[in-house]
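A.B. asks: Those protein sequence lines, which keep their order, are chains A and B.
Under our numbering, the first residue of the first sequence carries the number 1, and numbering increases by one thereafter.
Under our numbering, the first residue of the second sequence carries the number 222, and numbering increases by one thereafter.
These aren't lab readings, by the way, just hints derived from the structure by calculation.
Small disclaimer: the values here were computed from a predicted structure and weren't measured.
Think of the CB as a built atom: it goes at the ideal place given N, C-alpha and C, for glycine as much as any other residue.
Check the hints yourself; a few may be wrong.
[Unchecked claim] Cut-off 20 Å, straight-line C-alpha distance, at most; resulting in silico cross-link-like pairs (EDC-like, lysine to aspartate or glutamate):
#	chain 1	residue 1	chain 2	residue 2
1	A	K39	B	D282
2	A	K111	B	E521
3	B	K259	A	E197
4	A	K111	B	D419
5	B	K429	A	E113
6	B	K400	A	E197
7	A	K208	B	D282
[Claimed, not checked] Residues on chain B that point at chain A, a partial pick, calculated with CB under 8 Å:
#	residue
8	A249
9	A268
10	L289
11	A295
12	L301
13	N463
14	L688
[Unchecked claim] Counterexamples of contact, computed for chain B against chain A with all Cβ distances above 10 Å:
#	residue
15	G385
16	G415
17	L494
18	E527
19	R554
20	R567
21	T668
22	L708
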Amino acid sequence: MSDARARILSRLRAAPPSPVPDLPEWRAPRFEASARLEKFRAMFESMKAEVHEVEAADWPLRLRTLLANRGVRAVVHGDGSATGGQLATAWAADPEAPRLVPYDRAIEAWKGELVHGIDAGVTFAIGGIAETGTLILWPTVEEPRLMSLLPPIHVALVAEETIHDSFAEVIAEQGWSKRMPTNIVLVSGPSKTADIEQTLAFGVHGPKELIVLVLRRAEAP
Amino acid sequence: MSVEAETNSPSHAASHTSSHASSHGGFAERAHVALNDKPLRANFRRAMDGLMVKRAAQFPDAADLQALRSLGAAIKERALARLPNLLEQLEARCAENGIKVHWAETTEEANRIVLGIFQDHGVKTVVKGKSMVSEEMHLNAFLGKHGIEAIESDLGEYIIQLAGEMPSHIVMPCIHKNKGQIGALFAKHIEGQGYTEDVDELTAAARKVLRDRFAQADAGISGVNFAVAETGTLVLVENEGNGRLSTTLPPLHVAVMGIEKLVETLDDIPPLLALLPRSATGQPITTYVNMITSPRRDGEKDGPREVHLVLLDNGRTRVYADLELRETLRCIRCGACMNHCPVYARVGGHTYDAVYPGPIGKILTPQIAGLDVAGDLPHASSLCNACVEVCPVKIPIADILVRLRREAVRPSPSKAGSGAVKGGGGGWTLSEASAWMGWKWLHANPTLYRLGTRVLALAGNLIPASLPPLKAWTTVRAKPKFAAKTLHQLARERGYDDV
Ligand code: SF4
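Extracted from the complex, chain A is given alone in its bound form:
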């Protein structure tokens, strides 16, 4: 135990006690099922992100079209993730399609390439938040943290049924406090700054563009 630690704690404990107040009731906003996705979309669009609804099976081809005019040559995807497999299958017959690069090594082994040489990263979000227009990224061994951060374009897939009303609801319902992973990041738009004369500029450090694909379950025939 360091002396600083002991002294800080003993000074705090010597201070007069103050009451521990009860927390007043508070409810985060809720949305009707029909309004939830609209709120999610509107919030993202107000933050310069694109939101596209797409049938779950069709997303790789839709993404191919969306990336067509953006000069994308290399796309990083999770290694061993379903996402990568779906992309590979759907883009296989297309000789013009961007090169697919799996994140299959530790960052130290390919830092230069990921920092400078990849144009887009495709990741899966474990959920969304309608209130603020937010994606919940919960990086894994397959889909590490940097693939949503270093490339200039970030493509995030989110299943429609995982979009919740509020952050408070997600934390409580999913019991986060018992199972926090190494890192979670909430993403609510492309990287931005207003440090110069409060003028918005995008892509200052992270992705300049954020494309959100909301995956709908195929309608029952």
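Since the structure of chain A is provided, determine the placement of chain B with the ligand on it from the hints.
C.D. replies: The following block gives chain B with the ligand in isolation, referenced to the frame of chain A:
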């Protein structure tokens, strides 16, 4: 001057970094200089007006806002009431998760801890996310003296680092500069960069330079917005992604935080997140909310292999010892109080000559640095209460300002025997004390009072405005006119009983 002395003195720190405000003399002299700086005033006016409008738009329902503020205040109050236990809980959780916790009583000690970690790892360059505590430590200068280069990566911080200045706002550090000034700065310091006022081009230029820095850095430094005792999670909010980069790309991450940044549970985070970005910049949420719970685990392909957390006291335990002053420690550093402050908006951040400017700075700086050093700050206020009305955690800033003015003259006792506030009592002057003694005497003695007011009614208007003690007042205000009859006389004439 030794590093030790430098780290504890905001006045020294500013003396070589402040550009527009002379750091000689007190607040009043610096304010005078700032008030005559037209571009500076235009830069602040534009920014503050915009921020006030954007914040208001985020809180359309007054009742909702009040409910949320009450909750925010209660969350921080609970955390402070249980602070020593929560600090121990946080330390235990962090240890379980693999984050190493360090404790520092002074900024000097905190700097040495950070330096020690870096020296153990042979660190040469460091990228930094935005951190006000690291400003408090003057960490960059300290590391620089020991051969370690620390590069600010938040765009605003990067700009003022190039300019060799201090932040003028706690959320938007280069708010005092316009794009012309920034364009000139970039043209001078960034190789191959011509002069431009185009904000996108300036931003792209910074991205390019800083990308390489991120890739090369041996370590990252960040601050902490909230630390969750329940889970040992460090929460960091930001818009640029430089916080994510600083805490993910380099192999080593050191986070620095004041001991008051704790909350009890993860459930406390959503309401605080609903308050912080909306109060600060009028955004519904920041682009990124990072929640860091451990270093890279086995099998994970990125993230730092080691994470350290430095807990800094630097006078906070002394603030904590007084129940009224303790409320200062609820602050979540949103900056709303400065955005709404009529004084701050006119004189700008550098006039305060301190790491924390504006209303929060006016109550925090004198408590940390001492009233003997920063005793004029509590007087830099009209007590208009605008800051109190917007503060998301309801800190009674105005009451604390008045309390500090009193402490400067008549210190209240403390357990440690040295007065409740560092450097208190030095504001006592014989002339002021005598004036108030006279005032008390006059008001406690009816005969004297009657005589005094009669004399002023008859002869008060003959006193020249240029009389030395009056002059300080009359150069900026009209001299009051005395009525020909006293209030008592008038009342008596109307038939009110005198007794
Ligand atoms: S005192 Fe209140 S308004 Fe000012 S920065 Fe702190 S939390 Fe925000």
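A.B. asks: Which of the numbered hints are not met once you compare them with the structure shown?
C.D. replies: Hints 4, 7, 8, 14 and 17 contradicted; others consistent.
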